[in-house]
Amino acid sequence: MYQYDQHDQAMVDARVAEFRGQVARRLSGELTEDQFKPLRLKNGLYLQLHAYMLRVAVPYGTLNSAQMRVLGDIADKYDRGYGHFTTRQNIQYNWIKLADAPDILADLAKVQLHAIQTSGNCIRNTTADHFAGAAADEVADPRPYAELLRQWSTFHPEFDYLPRKFKVAIIASETDRAAMRLHDIGIQIVKNEAGEIGCKFFAGGGMGRTPMIAPCIAEFVPALQMISFLEAALRVYNRHGRRDNKYKARIKILVHEIGVAEYSRQVQEEFAHILTLGLEPPPAELERIKGMFADPGLESGLSDDLDRSDPDFALWVDQNVHTHKQAGYAIVTISLKPVGGIPGDATAYQIRLMADLARDYSLDELRVSHAQNIVLPHVKKADLYRVWQALDAAGLATPNLDLITDIIACPGLDYCALANARSLPLAQKITDRFADIGRQRELGELKLKISGCINACGHHHAGHIGILGVDRKGVENYQLLLGGAESADTSLGTITGPGFSEDGVVDAIEKVTDVYLARREGAERFLDTYRRIGMAPFKEAIYG
Amino acid sequence: MSEKIKIITGNDLRTGDVIWWTGEGWSRHVDNAVAVTHDADAIIARENAKQVVTDTHVIDAVAADGAVRPAHIKDRIRALGPTVRLDLSLKPADPQAGSWVI
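These protein sequences, in sequence, are chains A and B.
Sequential numbering of the first sequence, starting at 85, is according to this note's numbering.
Sequential numbering of the second sequence, starting at 128, is according to this note's numbering.
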């Protein structure tokens with residue numbers, strides 16, 4: 085994993101000291117709220133529905149055990165004993181006191197974490213494949229490139245006041261586990277015929293009120309020119325992005341309005357110019373970073389044998405454990421989606437337990453997935469049973485990865501000042517309805533995503549089944565969407581028709597799954613069947 | 128008998144707690160909120176100047192049987208706390224504490 089050098093640490097420490105002064109001036113009345121608000125937002129501190137909310141960046145979703153432990157400690161020491169892992173691979177605390185915020189940032193800085201650029205119209209925390217460095221299908225570990233991007237984008241003066249927020253995702257596999265094409269910029273690390281590493285660039289994706297799938301704007305940019313190309317892409321957006329209308333200010337609108345060909349032409353023109361300036365970080369810097377992500381200590385010659393005699397353990401292995409690139413190891417996904425639970429929430433105790441398991445069994449590494457789960461990327465198969473037992477005892481061994489109860493949900497109207505409807509109670513009702521694990525497995529892969537407003541933090545556009553909560557004259561109402569996907573076959577869901585009450589949408593989902601079970605052929609997933617038979621049979625079942 | 132009223136809400140600057148204007152100060156309990164009329168802007172200006180509250184604004188509410196209930200669901204949830212974590216509400220021991228929210 086990356087370790088801060090003196091410059092990284094000095095920057096973060098200076099920011100903590102600066103914010104401490106700003107908070108003191110606000111509390112003394114020297115700063116008004118109008119003056120202070122942009123300063124606190126620059127440090128991830130929002131004023132939400134009930135209290136201040138602090139959003140902490142988890143760079144490209146990677147944590148070590150010491151960092152994870154501090155995240156648990158913060159939940160206990162400064163919040164109400166829990167945190168919420170988000171679809172941006174970050175963690176949010178919902179009950180922060182303003183006077184405590186500088187101390188929290190200081191605690192984070194001690195383990196090389198921060199809340200910088202988790203708000204505002206700047207380049208936000210870069211997200212990445214949560215299996216990076218462990219997946220057998222990646223052409224390279226994308227995290228060194230993500231780290232280079234983090235360093236380049238942090239406090240970048242030219243891109244600190246973009247027309248709107250800007251999100252970058254990076255992967256290095258054909259299998260997209262990061263919803264890469266639903267970001268402002270998506271980068272896929274690829275290898276060309278000559279065996280050289282480069283970047284395939286996508287631009288103009290996003291969800292929100294105008295969902296769009298990012299088109300490719302460059303098939304292959306040499307890896308050592310990645311930053312220059314990004315600089316060009318951002319510069320064209322910064323030049324032409326709509327600042328007159330918040331709802332048309334994202335890059336997706338620009339790419340759509342001027343067309344991908346014209347946007348790409350301008351980016352290439354700017355890219356050629358930037359290359360003449362020599363702004364690219366020196367190759368030695370990328371090599372230095374890569375060195376920190378090299379083999380984390382994987383042993384060779386380990387056995388792949390596994391004792392599956394405990395049926396509950398075997399079930400969990402089948403559902404939540406993935407193949408590792410190294411024989412004898414496995415990738416473990418810890419579901420934060422227990423039946424009746426709140427998607428993405430973990431108690432301080434659970435967070436610290438996961439930290440301990442990472443230290444003892446996963447070469448000190450964890451990942452936060454955009455699906456609001458936690459990954460232990462390097463677990464010896466010989467240790468899997470012990471890990472499962474520890475997780476099970478802490479309520480963390482739900483064997484439901486990618487099943488209908490592995491729901492992505494935004495905080496919704498229970499916490500969010502922007503939301504129009506609650507997401508979390510609905511998620512709880514759906515998991516209660518489909519609690520039987522046999523039934524879930526019969527339905528197979530079924531990604532259900534809930535957003536409490538059109539901003540789509542719950543990725544409803546990309547759900548095989550998506551739900552959007554809306555406010556209908558002061559009453560919560562839920563629109564149902566079918567057919568979205570976020571992987572290599574990214575697609576956007578289609579609204580079924582009129583919306584439902586909270587209970588009504590749960591019933592509608594059950595009818596949808598009944599149609600799927602009745603009409604599927606062979607090993608079709610829900611999504612496959614939907615794409616083959618279309619919306620009509622589902623609509624008939626729901627409204628007929 | 129119920130009466131449509133307007134009340135003032137905001138957040139405690141230091142803690143972030145949701146608070147309600149009582150006529151004399153601020154309370155965390157919405158039932159202590161009082162109706163305001165043409166004096167709302169003046170109250171908000173005066174209280175903001177003290178730099179102890181933030182995000183102050185007027186909302187619609189209904190007063191009935193000694194209780195004050197915000198008119199909109201978002202404000203009712205603000206008054207109670209997350210409906211999925213009633214243990215974190217102002218009356219965690221009362222299972223009926225949130226019966227009026229939804």
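Quick caveat, the hints were computed from the structure, so don't treat them as lab data.
Note that the Cβ used here is the ideal one computed from N, Cα and C, for glycine as well.
Each hint should be verified, as a subset may be incorrect.
Said to hold, decoys possible - Computed list of chain A residues with no C-beta within reach of chain B, every gap over 10 angstroms:
| no. | residue |
| --- | --- |
| 1 | D97 |
| 2 | R110 |
| 3 | H134 |
| 4 | A135 |
| 5 | W179 |
| 6 | P186 |
| 7 | E369 |
| 8 | G412 |
| 9 | Q512 |
| 10 | V554 |
| 11 | G558 |
| 12 | L576 |
| 13 | T578 |
| 14 | V599 |
| 15 | G606 |
Said to hold, decoys possible - For the chain A half of the interface with chain B, some residues (derived, Cβ under 10 angstroms), not all of them:
| no. | residue |
| --- | --- |
| 16 | P122 |
| 17 | R517 |
| 18 | V559 |
Results for each hint:
The non-interface label for D97 of chain A is consistent with chain B: the shortest C-beta to C-beta separation is roughly 25 angstroms, beyond 10 angstroms. At roughly 7 angstroms from the closest C-beta of chain B, the C-beta of R110 of chain A falls inside 10 angstroms, breaking its exclusion from the interface. For H134 of chain A, the requirement that its beta carbon stay farther than 10 angstroms from each beta carbon of chain B is not met, with the minimum near 6 angstroms. Distance check for A135 of chain A against chain B: the nearest CB is about 4 angstroms away, which does not clear 10 angstroms, and the non-interface claim fails.
Distance check on W179 of chain A: its Cβ comes as close as 8 angstroms (rounded) to a Cβ of chain B, failing to clear the 10 angstroms threshold; non-interface status is violated. P186 of chain A, annotated as away from the interface, keeps every beta carbon of chain B farther than 10 angstroms; the closest lies near 13 angstroms. A cut-off of 10 angstroms between C-beta atoms confirms that E369 of chain A is not in contact with chain B; the least separation is 40 angstroms. For G412 of chain A, the non-interface assignment is confirmed: its Cβ lies about 41 angstroms from the closest Cβ of chain B, beyond the 10 angstroms cut-off.
Not every beta carbon of chain B lies more than 10 angstroms from that of Q512 of chain A, the smallest distance being close to 7 angstroms; the non-interface claim is violated. No beta-carbon of chain B comes within 10 angstroms of the beta-carbon of V554 of chain A; the shortest separation is about 12 angstroms. The claim that G558 of chain A is not at the interface with chain B is violated, since a C-beta of that chain comes within 10 angstroms of its own (minimum 6 angstroms). The claim that L576 of chain A lies off the interface holds: its Cβ sits roughly 28 angstroms from the closest Cβ of chain B, which is beyond the 10 angstroms cut-off.
Non-interface status of T578 of chain A relative to chain B is upheld: no Cβ of that chain comes within 10 angstroms, the nearest being about 28 angstroms off. No Cβ of chain B comes within 10 angstroms of the Cβ of V599 of chain A; the nearest lies about 30 angstroms off, and the non-interface call holds. G606 of chain A, annotated as away from the interface, keeps every beta carbon of chain B farther than 10 angstroms; the closest lies near 39 angstroms. With 10 angstroms as the threshold, the beta carbon of P122 of chain A stays out of range of chain B, its nearest partner Cβ sitting at about 14 angstroms, so the hint is violated.
Look at R517 of chain A: its Cβ only gets to about 16 angstroms from chain B, farther than 10 angstroms, so that hint breaks. Given hint, V559 of chain A at the interface with chain B, holds; its Cβ is 7 angstroms from that chain's nearest Cβ, closer than 10 angstroms.
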